[in-house]
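Work out the full structure: start from the sequences and follow the hints.
Residue numbers (the working numbering), protein chains in the order written: chain A, 8 to 205; chain E, 332 to 867; chain X, 128 to 458.
For the record, the hints were derived by calculation from the structure and aren't laboratory data.
Please read these numbers as outputs of a predicted model, since none were measured by experiment.
Please note that a few of the clues may not be correct.
[Said to hold, decoys possible] Covered, in the sense of this in silico footprint (three residues per stretch, anywhere, with C-beta under 8 Å from a C-beta of chain X), are these stretches of chain E:
| hint | segment |
| --- | --- |
| 1 | 382-391 |
| 2 | 624-633 |
| 3 | 645-653 |
| 4 | 660-673 |
| 5 | 709-717 |
[Stated by the list, open to error] Residues of chain E clear of chain X, computed beta-carbon distances all greater than 12 Å:
| hint | residue |
| --- | --- |
| 6 | Arg342 |
| 7 | Pro508 |
| 8 | Met611 |
[To be verified] Footprint (simulated), chain A over chain E, 3 or more residues, beta carbon under 8 Å:
| hint | segment |
| --- | --- |
| 9 | 451-463 |
| 10 | 499-507 |
| 11 | 538-544 |
| 12 | 555-561 |
Here a beta-carbon is modelled for each residue, glycine too, at the ideal position from N, C-alpha and C.
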Amino acid sequence: MSHQAMQHAEDFRAGHALGLDHRKLGMWLFIASEVMFFGGLISAYLHYKYTLGFPETTDLNVVLVGINTMVLLTSSYTVVSALTAIRQGRQGRFAALLLLTILLGVAFLTGQLYEFADLYRQGVTLTSGVFGSSFFTLTGFHGLHVAVGVLWAIVTLFRGLRGTLNAEHNMAVEIFGLYWHFVDIVWIVLFTQIYLIV
Amino acid sequence: MTTASASVSWRRYFWWNTDHKVIGVQYIVTSFFFFILGGALAGLVRAELASPATDLLDGATYNQVMTNHGTLMIFLWVLPVLAGFGNYLIPLMIGARDMVFPRLNALSYWMIPPAGMLMIASFFAGGAEAGWTAYVPLSIGGPPGQTLWALSVMLLGISAIFGAINFLATVIMMRAPGLSIWRLPLFVWGMIATSTLILTATPVLTSGLIMVALDRVVGTHFFTVTSGGDPVLWQNLFWFYSHPAVYIMILPAMGIISEIFPVFARKPIFGYRMIAMSSMAIAILGLTVWAHHMFTSGMDPRLRVPYMVSSMVIAVPTGIKIFSWLATIWNGKLRLTTPMLFALGFISMFLIGGLTGIFLAAIPVDLHVHDTYFVVAHLHFVLFGGSVSAVYAGLYYWFPKITGRMYDEKIGRTHFALNFIGTNLAYLPMFIAGLMGMPRRVAAYDASFTSYNQWATLGALILAASTLPFLYNAVLSWARGPKAAANPWQALTLEWQTSSPPPPENFPEIPTATGDPYDYGEPSPAAEPAAAPAAG
Amino acid sequence: MRERTLFISAIVGIGLIAAGFAVATQANVMPPEASTRAVAVDQLFRILLGVSTVIFLLVEGALVFAVLRFRQRPGDDRPGPAIHGNTSLEILWTLIPAAIVVVIGVYSFQVLAAIEVPGLGPRVVEVVARQFSWQFRYPEADLATTELHLPVGQPVIFQISAEDVIHSFWVPAFRAKRDATPGQISELAMTPIEVGRFPIRCAELCGAGHAIMTSEVVVESVEDFDAWLAEQQAMANDPAQIFLTMGCGACHVLTVAATTGTIGPSLDDLPGVAGTRLAGVGAADYVEQSILAPDDFIVSGFPPGLMPKTFFQRLTPDQIERLAAFLLDQP
Numbered sequence: 008m009s010h011q012a013m014q015h016a017e018d019f020r021a022g023h024a025l026g027l028d029h030r031k032l033g034m035w036l037f038i039a040s041e042v043m044f045f046g047g048l049i050s051a052y053l054h055y056k057y058t059l060g061f062p063e064t065t066d067l068n069v070v071l072v073g074i075n076t077m078v079l080l081t082s083s084y085t086v087v088s089a090l091t092a093i094r095q096g097r098q099g100r101f102a103a104l105l106l107l108t109i110l111l112g113v114a115f116l117t118g119q120l121y122e123f124a125d126l127y128r129q130g131v132t133l134t135s136g137v138f139g140s141s142f143f144t145l146t147g148f149h150g151l152h153v154a155v156g157v158l159w160a161i162v163t164l165f166r167g168l169r170g171t172l173n174a175e176h177n178m179a180v181e182i183f184g185l186y187w188h189f190v191d192i193v194w195i196v197l198f199t200q201i202y203l204i205v
Numbered sequence: 332m333t334t335a336s337a338s339v340s341w342r343r344y345f346w347w348n349t350d351h352k353v354i355g356v357q358y359i360v361t362s363f364f365f366f367i368l369g370g371a372l373a374g375l376v377r378a379e380l381a382s383p384a385t386d387l388l389d390g391a392t393y394n395q396v397m398t399n400h401g402t403l404m405i406f407l408w409v410l411p412v413l414a415g416f417g418n419y420l421i422p423l424m425i426g427a428r429d430m431v432f433p434r435l436n437a438l439s440y441w442m443i444p445p446a447g448m449l450m451i452a453s454f455f456a457g458g459a460e461a462g463w464t465a466y467v468p469l470s471i472g473g474p475p476g477q478t479l480w481a482l483s484v485m486l487l488g489i490s491a492i493f494g495a496i497n498f499l500a501t502v503i504m505m506r507a508p509g510l511s512i513w514r515l516p517l518f519v520w521g522m523i524a525t526s527t528l529i530l531t532a533t534p535v536l537t538s539g540l541i542m543v544a545l546d547r548v549v550g551t552h553f554f555t556v557t558s559g560g561d562p563v564l565w566q567n568l569f570w571f572y573s574h575p576a577v578y579i580m581i582l583p584a585m586g587i588i589s590e591i592f593p594v595f596a597r598k599p600i601f602g603y604r605m606i607a608m609s610s611m612a613i614a615i616l617g618l619t620v621w622a623h624h625m626f627t628s629g630m631d632p633r634l635r636v637p638y639m640v641s642s643m644v645i646a647v648p649t650g651i652k653i654f655s656w657l658a659t660i661w662n663g664k665l666r667l668t669t670p671m672l673f674a675l676g677f678i679s680m681f682l683i684g685g686l687t688g689i690f691l692a693a694i695p696v697d698l699h700v701h702d703t704y705f706v707v708a709h710l711h712f713v714l715f716g717g718s719v720s721a722v723y724a725g726l727y728y729w730f731p732k733i734t735g736r737m738y739d740e741k742i743g744r745t746h747f748a749l750n751f752i753g754t755n756l757a758y759l760p761m762f763i764a765g766l767m768g769m770p771r772r773v774a775a776y777d778a779s780f781t782s783y784n785q786w787a788t789l790g791a792l793i794l795a796a797s798t799l800p801f802l803y804n805a806v807l808s809w810a811r812g813p814k815a816a817a818n819p820w821q822a823l824t825l826e827w828q829t830s831s832p833p834p835p836e837n838f839p840e841i842p843t844a845t846g847d848p849y850d851y852g853e854p855s856p857a858a859e860p861a862a863a864p865a866a867g
Numbered sequence: 128m129r130e131r132t133l134f135i136s137a138i139v140g141i142g143l144i145a146a147g148f149a150v151a152t153q154a155n156v157m158p159p160e161a162s163t164r165a166v167a168v169d170q171l172f173r174i175l176l177g178v179s180t181v182i183f184l185l186v187e188g189a190l191v192f193a194v195l196r197f198r199q200r201p202g203d204d205r206p207g208p209a210i211h212g213n214t215s216l217e218i219l220w221t222l223i224p225a226a227i228v229v230v231i232g233v234y235s236f237q238v239l240a241a242i243e244v245p246g247l248g249p250r251v252v253e254v255v256a257r258q259f260s261w262q263f264r265y266p267e268a269d270l271a272t273t274e275l276h277l278p279v280g281q282p283v284i285f286q287i288s289a290e291d292v293i294h295s296f297w298v299p300a301f302r303a304k305r306d307a308t309p310g311q312i313s314e315l316a317m318t319p320i321e322v323g324r325f326p327i328r329c330a331e332l333c334g335a336g337h338a339i340m341t342s343e344v345v346v347e348s349v350e351d352f353d354a355w356l357a358e359q360q361a362m363a364n365d366p367a368q369i370f371l372t373m374g375c376g377a378c379h380v381l382t383v384a385a386t387t388g389t390i391g392p393s394l395d396d397l398p399g400v401a402g403t404r405l406a407g408v409g410a411a412d413y414v415e416q417s418i419l420a421p422d423d424f425i426v427s428g429f430p431p432g433l434m435p436k437t438f439f440q441r442l443t444p445d446q447i448e449r450l451a452a453f454l455l456d457q458p
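In structure tokens form, the structure reads like this:
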């Protein structure tokens, strides 16, 4: 097993010369494809927004979701701090910050579910019209990505608690962080296009 | 030899295995199965079209057969077989022991059999009958199988994206010492360009397919016209991927051709850097032309012009490649082996496909020939005359490397002759039928098109027959052919500097590249393997 | 040696141009040029054909020549010359195709601009596509027909739409095609210049009947057109005409109307069976219900969901009543 690990390090010589880590590179490439995926969904939403007009946007709760956006932004900050912490060997601080990230993520999802429920009460559903279909599909897939991120964060937390992730081996935290920041940035774009620009 | 004994070796191809060489073969053999299946469906199509009336199949069944023919050929044959070549060759060509993410690699392959079975199941659940292009609203209201069809394509797309991540990361991270970017074999360049396209374009198709599936299953209104849904939105999402898809299907093929010509002309490739950069140019330009499939859609007429321009501009890097290949073989010492014959056939037939592409790019002409047999002819010349010829060339060329045995050259040449005659006979008449007024995707046609269709059916029959010598040759040679040397073609790229087949770790020691991979006619070799490659 | 190369190049060059010219002028692979567009499009097509012929013969000729001339002779194990490139040659074969592309692009743009501009005082004709027939409406005459008639020489603007899925309105002889998309109206301008009957074909897969979704455009003199229009207006309430105009014949056999469609059940036996199909429903009611709500009762052996459900919008109750009576009154 360790011989294989050594063999791997030597195999990545070309990439290391460029300053790249293969796992980070893989995550960046994956994120590129995810950007295009959300691009497709956003294009549908914006196409209909600008050709049909969306009267249902008056039913949107800008204040609530605005606060929710702050929650998600804060969680990106806690992730960065968690990464700094584990790099410094401060396992306890790392665990606390990652736990906070998880809680903020769950809070975001709760807020989203509340917004969805509120819209459903007002008759805006996945199948009520073009707005409902494109809104819920777009924000729904984003929410799914957040949920996956929360699960990933929980796994990462456990690995940190067990000591598998520490000051020397913490690439997994950085890679999780990349994913989490991506999900956050997608939300900023979504929030701006759906809630702010009406 | 360190390879496992014969009784164990064939079993590993049917199970989870992270060795890129095993995965490559799994891809190639699995896709060939779907090639035969897709070909059988084509046989049904041509049998129906041998006479003007709808006699063999009724309209709905014909549409299902035609839809699945196209879908199988694109998503389960050409795309995965080229990924298979990429898988097998990239680590070997760059002097690496495997891909960066071997388990992701195995996962990519193992998504294909279930996706394929889903596609076959869809055929029996009330098959998709809206063409491989699945235009809405027709596909929204279609039979239940259309949903399974969409799921299958989504799965295949995700598999391709994982593969692309692996290919790009591997080429960036794992090149052997001395293998700078300008010493990469041109097949690797082709795969770099291809992987870039897969990564950028496929997810957009996925998003569109999700909308179609949701409309069908859940009742969303993405494409419900009465609610304000726009059928043209699907066309944009679909073609944003599906145009680059055709470059995904041709760039690796062109890469294969670039590998073969120098070896069998005993001359360096002509214009290496221009060919490499043309691959990237075609990829990037390929992302800007998708609406040339939509010239008749009713889109803003002025908006069509930029797409005409960018579509015609692609002819320039394509021409650079063709002229460079010609210059490679000019004044060389040509050995007309089977791979070389298929490579020469590739140029001839791809040329016809490419030139007719310019006709299609010219909007006034396109307004006449769009959605006619002119397009069917064009696409088969580039995909069958082009990509499939290159696949065959690659299969013969790397046959000794992959299997450790040599194929029969005479049977190979017979295969080539039948393939070349069949392809031209099948598809040339279709150009004329289209120009004269025969639309595509029809089970019946006006009697004036009969003779063209009969010639085409004859050509298709010859093509069907041509697969027999290939299968016979491949199976028998793999089982009992003469053992092949490490480098029977005296080629210079790194995969030939190790045994045939390579050991599990690819190279006894990682080689160092000291020259370019097409240094024929010059004294310095391309690589100094630390140990002599084991004899076959 | 140089003179020989120059001489051979000149001969080959002249030969190529001659071949290109011959193919371009002699190839006869298009339908009649029945519109002003067709003339311009065919001109562009011929030029593309000529240029492509020259390029094809050049490249293919070089390939065949190389294969014949540069084969490795037995016993000759030497490699070819170590030539990696030639900058001037590469620049040449980049710039010349680029120039050709520019010229073709500009010319295509000019043709496009010319053909898409409507003529003066165009007549508007609405084209409505549905599975699997064409309907044409003349707004000023308040008339709907299944046959397209046009006066020769008069510009037309087609306003094309569809009722169910995407179809595509294509008249090969006019070299004009435009998709019929539900929910939108797409315009297509052209001017017919030749008297005659030309096929109309659907050019976008629209379902099981895509191949049979054909019609005809009749281009005739202005006098003949006016006479036809008057005749059509007189027949607007004739039930047999309604049957044909609504495209019923595309799917139903009705011998008295000489239609042969087999996608739906034959209507020849309707007088005998209409009263017995639904318990308690009389023959006339049954026929009218079958027109207004087609999926309420499906004859066994036929699939549901194919017959349009829009006749309640497109026919007046009076017209439907006449139509039902007509179908039940067959000899």
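Results of checking the hints against the structure:
Counting residues of the segment 382-391 of chain E whose CB falls under 8 Å from any CB of chain X gives 4; the rule of at least 3 is met. Proximity of the segment 624-633 of chain E to chain X, defined as three or more residues with a beta carbon under 8 Å from a beta carbon of that chain, is established by the 4 residues found. Counting residues of the segment 645-653 of chain E whose beta-carbon sits less than 8 Å from any beta-carbon of chain X gives 5, enough to reach three: the coverage restraint holds. Only residues whose C-beta sits within less than 8 Å of a C-beta in chain X count toward coverage, and the segment 660-673 of chain E has 8 of them, enough to reach three; the restraint holds.
Residue count for the segment 709-717 of chain E with a Cβ under 8 Å from a Cβ of chain X: 0. That is fewer than the three needed, and the coverage hint is violated. For Arg342 of chain E, the non-interface assignment is confirmed: its Cβ lies about 42 Å from the closest Cβ of chain X, beyond the 12 Å cut-off. At roughly 23 Å, the least C-beta separation between Pro508 of chain E and chain X is larger than 12 Å, which holds for a residue marked as non-interface. Chain X leaves Met611 of chain E outside its interface by the beta-carbon criterion, the shortest separation being 15 Å against a cut-off of 12 Å.
Coverage of the segment 451-463 of chain E by chain A is violated. Counting CB-CB distances below 8 Å, 0 residues qualify, and the rule asks for three or more. A count of 7 residues in the segment 499-507 of chain E with a Cβ less than 8 Å from any Cβ of chain A is obtained; the coverage claim is therefore met, three being the minimum. With a threshold of 8 Å between beta carbons, the proposed coverage of the segment 538-544 of chain E by chain A holds, since 4 of its residues qualify and at least three are required. Using a Cβ-Cβ cut-off of 8 Å, 5 residues of the segment 555-561 of chain E lie near chain A, which meets the minimum of three, so the contact claim holds.
Violated hints for the displayed structure, listed by number in ascending order: 5 and 9.
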